[in-house]
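Chains as they are written, first to last, in my numbering: chain A, 115 to 438; chain B, 115 to 438.
Incorrect hints may have been included.
No copy labels: a pair is met if it fits in one copy or bridges any two.
[Stated by the list, open to error] Capping the alpha-carbon separation at 16 Å, the derived lysine to aspartate or glutamate pairs in EDC-like fashion look like this:
1) LYS209 to GLU432
2) LYS135 to ASP253
3) LYS216 to GLU431
4) LYS216 to GLU432
5) LYS216 to GLU409
6) LYS128 to ASP373
7) LYS155 to GLU349
8) LYS128 to GLU141
9) LYS197 to GLU169
10) LYS279 to GLU349
11) LYS276 to GLU318
12) LYS328 to GLU194
13) LYS135 to ASP373
14) LYS308 to ASP338
15) LYS209 to GLU431
Derived from the structure by calculation, the hints contain no laboratory data.
So you can see what is in the structure, the chains are spelled out below.
2 protein chains.
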Amino acid sequence: MIRLGILGYGNLGKGVENAVKYNEDIELCAVFTRRNPETVKVNSEVPVVSVNDIEQWKDKIDVLILCGGSATDLPVQTPEYAKMFNVIDSFDTHKRIPEHFKNVDKAAKDSGKLAIISLGWDPGLFSLNRLFGNVILPDGKDYTFWGKGVSQGHSDAIRRIKGVKNAKQYTIPVDAALTSVRNGENPELTTRQKHTRECFVVAEEGADLKQIEKEIVTMPNYFDEYDTTVHFISEEELIKNHSGIPHGGFVIRSGKTSDGTNHVIEYSLKLDSNPEFTSSVLTAYARAAYRLNKEGHTGCKTIFDIPPAYLSSKTNEELISTML
Amino acid sequence: MIRLGILGYGNLGKGVENAVKYNEDIELCAVFTRRNPETVKVNSEVPVVSVNDIEQWKDKIDVLILCGGSATDLPVQTPEYAKMFNVIDSFDTHKRIPEHFKNVDKAAKDSGKLAIISLGWDPGLFSLNRLFGNVILPDGKDYTFWGKGVSQGHSDAIRRIKGVKNAKQYTIPVDAALTSVRNGENPELTTRQKHTRECFVVAEEGADLKQIEKEIVTMPNYFDEYDTTVHFISEEELIKNHSGIPHGGFVIRSGKTSDGTNHVIEYSLKLDSNPEFTSSVLTAYARAAYRLNKEGHTGCKTIFDIPPAYLSSKTNEELISTML
Chain A
115 MIRLGILGYG
125 NLGKGVENAV
135 KYNEDIELCA
145 VFTRRNPETV
155 KVNSEVPVVS
165 VNDIEQWKDK
175 IDVLILCGGS
185 ATDLPVQTPE
195 YAKMFNVIDS
205 FDTHKRIPEH
215 FKNVDKAAKD
225 SGKLAIISLG
235 WDPGLFSLNR
245 LFGNVILPDG
255 KDYTFWGKGV
265 SQGHSDAIRR
275 IKGVKNAKQY
285 TIPVDAALTS
295 VRNGENPELT
305 TRQKHTRECF
315 VVAEEGADLK
325 QIEKEIVTMP
335 NYFDEYDTTV
345 HFISEEELIK
355 NHSGIPHGGF
365 VIRSGKTSDG
375 TNHVIEYSLK
385 LDSNPEFTSS
395 VLTAYARAAY
405 RLNKEGHTGC
415 KTIFDIPPAY
425 LSSKTNEELI
435 STML
Chain B
115 MIRLGILGYG
125 NLGKGVENAV
135 KYNEDIELCA
145 VFTRRNPETV
155 KVNSEVPVVS
165 VNDIEQWKDK
175 IDVLILCGGS
185 ATDLPVQTPE
195 YAKMFNVIDS
205 FDTHKRIPEH
215 FKNVDKAAKD
225 SGKLAIISLG
235 WDPGLFSLNR
245 LFGNVILPDG
255 KDYTFWGKGV
265 SQGHSDAIRR
275 IKGVKNAKQY
285 TIPVDAALTS
295 VRNGENPELT
305 TRQKHTRECF
315 VVAEEGADLK
325 QIEKEIVTMP
335 NYFDEYDTTV
345 HFISEEELIK
355 NHSGIPHGGF
365 VIRSGKTSDG
375 TNHVIEYSLK
385 LDSNPEFTSS
395 VLTAYARAAY
405 RLNKEGHTGC
415 KTIFDIPPAY
425 LSSKTNEELI
435 STML
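Based on the provided sequences and hints, a complete structural model is requested.
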C-alpha cells in the first residue's frame with residue numbers, strides 16, 4: 115500500500131480523499147491542516163493533524179499531496195515539504211512555474227525525495243497533449259479551448275462589483291471556431307473568436323442592474339475582450355442551477371505531414387467537477403512519485419518526465435495485454 | 115543530428131522519409147531494402163542499400179525504423195536488427211505482442227541496444243489514452259471507435275470475391291453510439307451498434323452484383339456482425355474518390371469520481387493519411403530511443419515506458435515555458 119497524506123482540506127483535498135477510495139493500492143493516512151484540527155471534519159477514518167506536527171509523520175507517509183492554492187500556499191509549501199516527503203502539487207501560475215520548479219528541485223534533491231509539480235488538467239493533461247501534438251505534427255498549429263465551465267477567478271471578479279450579492283461565470287468555447295479548427299482550416303483566432311463568457315448574477319435589492327452589467331462587460335482583462343452575456347437571477351435559482359463546478363476544454367493540434375495531407379489530433383475533457391477530476395490526476399501521479407523515488411529518482415519532475423506506466427498499479431505484462 | 119535508417123520502402127517507409135523533413139535534429143542516412151536496390155527510387159538524396167549489407171551500417175546509424183508488416187516481417191526483423199541497432203517498429207498484432215516483446219527484449223538486452231515496439235496510433239497513441247483514462251478514472255468504461263477510415267484488411271477480403279475487380283472498405287463509427295458515450299450514459303454496445311461498414315466495389319463486366327453483395331454482407335468475422343452497405347461504382351470513380359488512405363477514431367473513457375459525478379475524456383484522430391501519421395509517430399519515438407539508449411537504457415520498451423519529454427528536441431526548460 116502507498117501511504118498518502120493530504121495537506122489542505124478544501125475542494126481539492128476532499129477530491130483526493132474521494133479519489134483514494136477508487137485506488138486499491140493507495141491508503142489515506144492523515145489529513146494535515148493549518149486550522150484547528152478539531153474544527154475539520156473529514157469523510158474518512160483518518161486523523162486530522164495540525165500541520166505543525168507534520169514532521170512526526172516523516173516515516174509514516176510515502177507521498178504528501180499539497181492541496182493549497184497557487185497564489186500564496188504552494189510557492190512556500192511545496193519546497194518546504196519536499197524536505198520531508200515525496201510531494202505532488204497542482205501549481206498553475208504558468209509564468210511562475212520555472213521559478214517554482216527550481217525551488218522545489220533544490221529542496222527535493224537535498225532531501226532525496228521526489229516532487230511532481232503543476233499536475234491536473236491545465237497545466238497537466240492538456241500540457242501533455244500539446245507536447246504530443248507538437249512532436250508528432252511539428253508543422254502545425256496548437257489550439258486550446260476552455261469550457262464550458264465555471265471560472266472561479268471571473269466569478270470572484272463579478273462578486274467584487276458594488277451591488278452584486280453572488281455570481282457565477284461560465285467560459286464557453288465558440289462552436290464556429292471549434293468547427294473550423296476541427297476541419298483543418300488552421301484559422302487565426304482572436305480572443306473574442308475563441309470564447310464567450312456568460313454570467314449569472316444575483317443583485318442586491320435596489321441595485322442598478324444596468325450599471326452592474328456595464329461594469330462587467332467592460333472590465334479590463336476579465337471581460338472587455340470577450341462577448342459577454344449577463345443574466346440577473348434570484349439567489350434560489352443560482353443555488354439550484356449553478357452550484358456545480360463543471361469544466362473542461364479542448365486541446366487540438368492540426369498539422370500536415372506532406373503537402374496537402376492534414377491531420378487533426380483532438381483531446382477533450384467534459385468534467386462534472388473540476389476539483390474532483392484534478393484530484394484524481396494528482397492521486398494517479400502520487401503513485402508514480404512513490405515508485406520513481408523507490409527506484410532512486412529524486413528532485414523535481416513535471417508531467418513531461420513521467421513514464422505513463424508508472425501511473426498504473428498494473429504490471430508491464432498486464433498493461434501490454436490489456437491496454438496496448 | 116540523429117542518424118536514421120529505414121528498412122522497407124512501402125507506404126510506411128515513404129512516410130518516415132517525409133517525416134524526417136519536419137524534424138531538424140534527425141537526418142535520414144540510408145534506405146534498406148530486400149529488393150534489388152537499383153529498382154528502388156527514393157525521394158531523398160540518400161543511398162538505397164541491400165538489406166544484406168546492413169551490418170556495414172552498424173556504426174553509421176543511430177536508430178533503424180522497421181517499416182515492414184506485422185504478419186511475417188516484423189516478428190523476424192525486429193529481434194534480428196535489435197542485435198545491431200536501436201530499433202522502432204509498428205507491430206500491431208495485439209495478441210502476439212507479449213511474445214514479440216520477449217523476443218525483442220532478449221535481443222536488445224544482449225546487444226545493449228534499445229527497441230520500442232508497437233508504435234503508431236492503435237496500438238500506440240490510443241493505447242496511451244486507454245492507460246491515462248484508466249488510471250485517472252479507475253471506476254469507468256473504455257470505448258474505442260475506429261474511422262471513418264479505410265480498412266486495408268476488409269478491402270482485401272472483398273477483392274478476393276469472385277467477380278470483384280477492385281474495392282475499398284470504410285469503417286464508420288455510429289453517431290448515436292458516440293453521442294451516448296459522450297453524454298456519459300456508459301452504454302453497453304454490441305459490435306453492430308458501434309460501427310457500420312461501407313464498401314465501394316468495382317465489379318468485373320458481367321459479374322453477378324446481387325451475389326457479390328450477398329457474399330460481402332454475410333462474410334464471417336469481416337462483415338456478418340455489421341450493418342454493411344455496398345455501392346457498385348466504376349474504376350474511374352474509385353480512383354478519383356477513393357484513392358486516399360484516411361483513417362482515425364476515438365478513445366473515450368467515461369467514469370465517476372464520486373456518486374453522480376461523471377467525467378468524459380475523449381481523444382480523437384482525423385487523419386488524411388494513415389501511414390504518414392503512423393510514420394510521424396515512429397519518427398518522434400526514434401528520437402526517444404536514441405536518447406534513452408545514450409543514457410544507458412537497453413532492452414524492449416513500449417509507448418507506456420517512454421517519458422514524454424524524450425519525444426521532443428526541446429530542453430526541459432523550453433518545454434516547461436512553452437507547453438506546460
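For the identical chains here, do LYS128 and GLU141 meet the 16 Å Cα criterion within one copy, between copies, both, or neither? within (14 Å within a copy, 51 Å between copies)
Within, between, both or neither, where LYS308 and ASP338 count as close if Cα-Cα is 16 Å or less: within (14 Å within a copy, 45 Å between copies)
Between the shortest in-copy and the shortest cross-copy C-alpha distance, which are at most 16 Å for LYS197 and GLU169: within, between, both, or neither? within (10 Å within a copy, 51 Å between copies)
Evaluate LYS276 and GLU318 at a C-alpha cut-off of 16 Å and name the case that applies: within, between, both or neither. Within one copy only: 9 Å inside, 79 Å across.
Is it within, between, both or neither when you check LYS128 against ASP373 at 16 Å Cα-Cα? For LYS128 and ASP373, only the inter-copy Cα distance (14 Å) is at most 16 Å; the intra-copy one is 50 Å.
When no copy is specified for LYS216 and GLU409, does a C-alpha distance of 16 Å or less occur within a copy, between copies, both, or neither? neither (22 Å within a copy, 23 Å between copies)
Are the CA atoms of LYS279 and GLU349 at most 16 Å apart within a copy, between copies, both, or neither? Intra 8 Å, inter 70 Å, cutoff 16 Å: intra-copy only.
Classify it for me, LYS328 with GLU194: is the Cα-Cα distance of at most 16 Å met within a copy, between copies, both or neither? Answer is neither; intra-copy 44 Å and inter-copy 72 Å both fail.
Please work out whether the CA atoms of LYS155 and GLU349 approach to 16 Å or closer within one copy, between two copies, in both situations, or in neither? This pair counts as neither: shortest intra-copy Cα distance 27 Å, inter-copy 73 Å.
Can you tell me if LYS209 and GLU431 fall within 16 Å by alpha carbon in one copy, between copies, both or neither? The answer is between: 12 Å across copies meets 16 Å, while 40 Å in one copy does not.
Given a CA cutoff of 16 Å, do LYS216 and GLU431 count as a within-copy pair, a between-copy pair, both, or neither? So LYS216 and GLU431 pass the 16 Å test across copies only (10 Å; inside, 36 Å).
Intra/inter-copy verdict for LYS216 and GLU432 if alpha-carbon distance must be at most 16 Å: between (36 Å within a copy, 14 Å between copies)
Violated hints, listed in ascending order, are 5, 7, 12; each of the other numbered hints is respected by the structure.
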